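First to last, the sequence lines map onto chains A and B. Mind the numbering: the first sequence is residues 1 to 394 in my numbering, read in order. Mind the numbering: the second sequence is residues 1001 to 1394 in my numbering, read in order.
Don't read these hints as lab results, they were simulated from the structure. Worth double-checking, as some hints may not be accurate.
Residues from chain B that face chain A, not an exhaustive set, calculated with beta carbons under 10 Å [unchecked claim]:
no., residue
1, G1023
2, I1025
3, W1068
4, G1071
5, G1119
6, I1257
7, L1263
As the structure is a computational prediction, the values presented were derived from the model and not from experiment. No residue lacks a Cβ here, since even glycine has one placed at the ideal position from N, Cα and C.
Letter by letter, the chains look like this.
Protein chains: 2
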Amino acid sequence: MRGSEVRELLKLLDQPDIISFAGGIPDPELFPRAAIARAFARVLGDPARAKAALQYAPSEGYLPLRQWLAGEMRARGVTGCSADNILVTNGSQQGLDFVGKLFIQAQDTILVPYPTFLGALQAFNAYEPEYDLLPGPDNNRTAASYLEPSRRRPKFGYCMPEFQNPTGTSLDLAERERLLDTADALNLPLIEDNAYEALRYEGRRVPSLLALAAERAGGIDLCKVIYCGTFSKSIVPGLRVGWIVAPRPVVEKLVLIKQASDLHTSGLNQIVMHEVASTILAAQTEAIRPIYQARRDAMLQALQAHMPAGVSWTRPEGGMFVWVDLPAAIDGAELLRRSIAEARVAFVSGSGFFPDRSGRHHIRLSFSLSPPARIEEGIRRLGRLLTEMVPARA
Amino acid sequence: MRGSEVRELLKLLDQPDIISFAGGIPDPELFPRAAIARAFARVLGDPARAKAALQYAPSEGYLPLRQWLAGEMRARGVTGCSADNILVTNGSQQGLDFVGKLFIQAQDTILVPYPTFLGALQAFNAYEPEYDLLPGPDNNRTAASYLEPSRRRPKFGYCMPEFQNPTGTSLDLAERERLLDTADALNLPLIEDNAYEALRYEGRRVPSLLALAAERAGGIDLCKVIYCGTFSKSIVPGLRVGWIVAPRPVVEKLVLIKQASDLHTSGLNQIVMHEVASTILAAQTEAIRPIYQARRDAMLQALQAHMPAGVSWTRPEGGMFVWVDLPAAIDGAELLRRSIAEARVAFVSGSGFFPDRSGRHHIRLSFSLSPPARIEEGIRRLGRLLTEMVPARA
Chain A
1 MRGSEVRELL KLLDQPDIIS FAGGIPDPEL FPRAAIARAF ARVLGDPARA KAALQYAPSE
61 GYLPLRQWLA GEMRARGVTG CSADNILVTN GSQQGLDFVG KLFIQAQDTI LVPYPTFLGA
121 LQAFNAYEPE YDLLPGPDNN RTAASYLEPS RRRPKFGYCM PEFQNPTGTS LDLAERERLL
181 DTADALNLPL IEDNAYEALR YEGRRVPSLL ALAAERAGGI DLCKVIYCGT FSKSIVPGLR
241 VGWIVAPRPV VEKLVLIKQA SDLHTSGLNQ IVMHEVASTI LAAQTEAIRP IYQARRDAML
301 QALQAHMPAG VSWTRPEGGM FVWVDLPAAI DGAELLRRSI AEARVAFVSG SGFFPDRSGR
361 HHIRLSFSLS PPARIEEGIR RLGRLLTEMV PARA
Chain B
1001 MRGSEVRELL KLLDQPDIIS FAGGIPDPEL FPRAAIARAF ARVLGDPARA KAALQYAPSE
1061 GYLPLRQWLA GEMRARGVTG CSADNILVTN GSQQGLDFVG KLFIQAQDTI LVPYPTFLGA
1121 LQAFNAYEPE YDLLPGPDNN RTAASYLEPS RRRPKFGYCM PEFQNPTGTS LDLAERERLL
1181 DTADALNLPL IEDNAYEALR YEGRRVPSLL ALAAERAGGI DLCKVIYCGT FSKSIVPGLR
1241 VGWIVAPRPV VEKLVLIKQA SDLHTSGLNQ IVMHEVASTI LAAQTEAIRP IYQARRDAML
1301 QALQAHMPAG VSWTRPEGGM FVWVDLPAAI DGAELLRRSI AEARVAFVSG SGFFPDRSGR
1361 HHIRLSFSLS PPARIEEGIR RLGRLLTEMV PARA
């Protein structure tokens, strides 16, 4: 989806009769506004802290935040992670941009799942790569298939192993291990985008690719996984604070990229995010999870109740998205046009999530922004439209 | 200067007996802390505003801020400037990065003054350009000299026409017109970096290259100048709010680059900066100018009093820097080493400001951070060291 399409869609969402399953954005009703306001007041009310917070700051990020993040990563199984493995970024999107800037020369091949996160494609496209398919549970690509003499060695693989945007699906432990086997065989860096990590509603946590790779390699600084995290889904997006975790030599290069790109992420926002996250992150994620889970449940139940035969969908254990496979006769973009005009329901059609803009028979539904009753109503309307369309095309 | 050198220098500055003329950064004692704290409290205290400020936001920036900036630009002579000509960036550094991303393919030629702003070289270097000299008052380059068949047409010219970092010098009106003549003859985009604009201590304001080019072309959307501005020197750097002003078709491309790079600049910080700047920018710049002017005056007087024969320096009408030409026998980097060890005075040696790392017989002195008495003391010490060194090398 291009920027202009995004803006068109955003305009639509201002129309109150539209039920939107389009944006993959958190519900602002759930933002910890009071805690954030208190943290800003505390920092800005202390002259010495305020002067430091409002001045230029180190490119690698605010040290106490980096130390706290390193502790969080260790608690999630990334043994040996220290502040030196952390770069603070403007959300995880900037992490993806920096990875593109570090690794991609025009015409290099990089590997992604098909479909994959639209924002990652946008970030990487700036550096003009070619795309190929990342090995995964839906395909039978092996290391050997990337080593044919006619092909250029891929520069990195990118994926979102938990609650992927757009499919909502996750890689299980065996699938992660197989991906790491292939990466090891190819000496291939892997970019792990874990933007939705905080939003698990069921199932057991699986170690991150970074945790598994650090263990295999005998230390984080010896592995080849670069992890991108963010507070955008757990706390708020508007402070633009995310982070990269990587082997130290990679972080050192990324710090230079950060310096050249925008010097540093707002020091004030980093200090506030450190205060807020280190105080309330656990309680905040506990508070928002059941609310998003109820919305996921409402969407899955409504799909079951209202979708005609020939339509199938994923059953995500977390995140914000359900991915719908349409009958072959139905094009996602056309469905979107009719859905807005006739059913007053918005979503994102699938082809933008494919580097080759294939995948025309898919749509992405986000359940993050609407209460269950509205989700039920929107899916009911969409189901009615699809029921009309399916026999007409059969 | 590389990132590692910058960090070494920053470490030194923590040593209280060092007098630093190194960093080109504003004095945090002059930050309008109370006004900023009030603005954050107001926005975050209003639930509806807070929710919007903490949510994802449009890539082009906060509309009221863009509208206000357009008005400011019109007031500075950029006729017809509207919000559609403005993109909000994370400081002007991000504007430079985006210009590099938009225009430069590896091995393209771009034109800069020698010396030029280090941060611009760092931003552009990521895209692997070749450098050539921008036409200017210190050289006799003409349009024809760039049109030899063996040369590639330059992609853009970059300069800081007011109080240049590192020299402190400005282009007068005739020099700006000549630069625009050459650019017109080459159909060459010009990047105008006006980071220090607010800090004029004497002399008359000269119209910006953008204002002059828009008038020549019959409208901002028809000209080829891209202007980068920032609140970092006038208000504070720590909110990371700057802006680009450009013809609308260029802004549309830059908005897509912004979206792919980090989605948007913190909405909260933009809203706060709009409240603060639209309320106090004029008063704030009135308040800080005489303070920086007194420091410039102290530095120029001290140089006059303490420098040995054979040393010369610029006399800036504004900004934060004085550029010193050393006798040919003295290397700026060696002087820096000895100055830190023997005189306990820090500054930046000149070669980092040259794309070819020439200019070894220059140093940059910043007067922005120290009160006049400390400036006098630092220059006295530096003058004594230089006086020792000059005859020894003569």
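- Query: Okay, which hints does this one fail, numbers in order?
  - Reply: Hints 3 and 4 not satisfied by this model.
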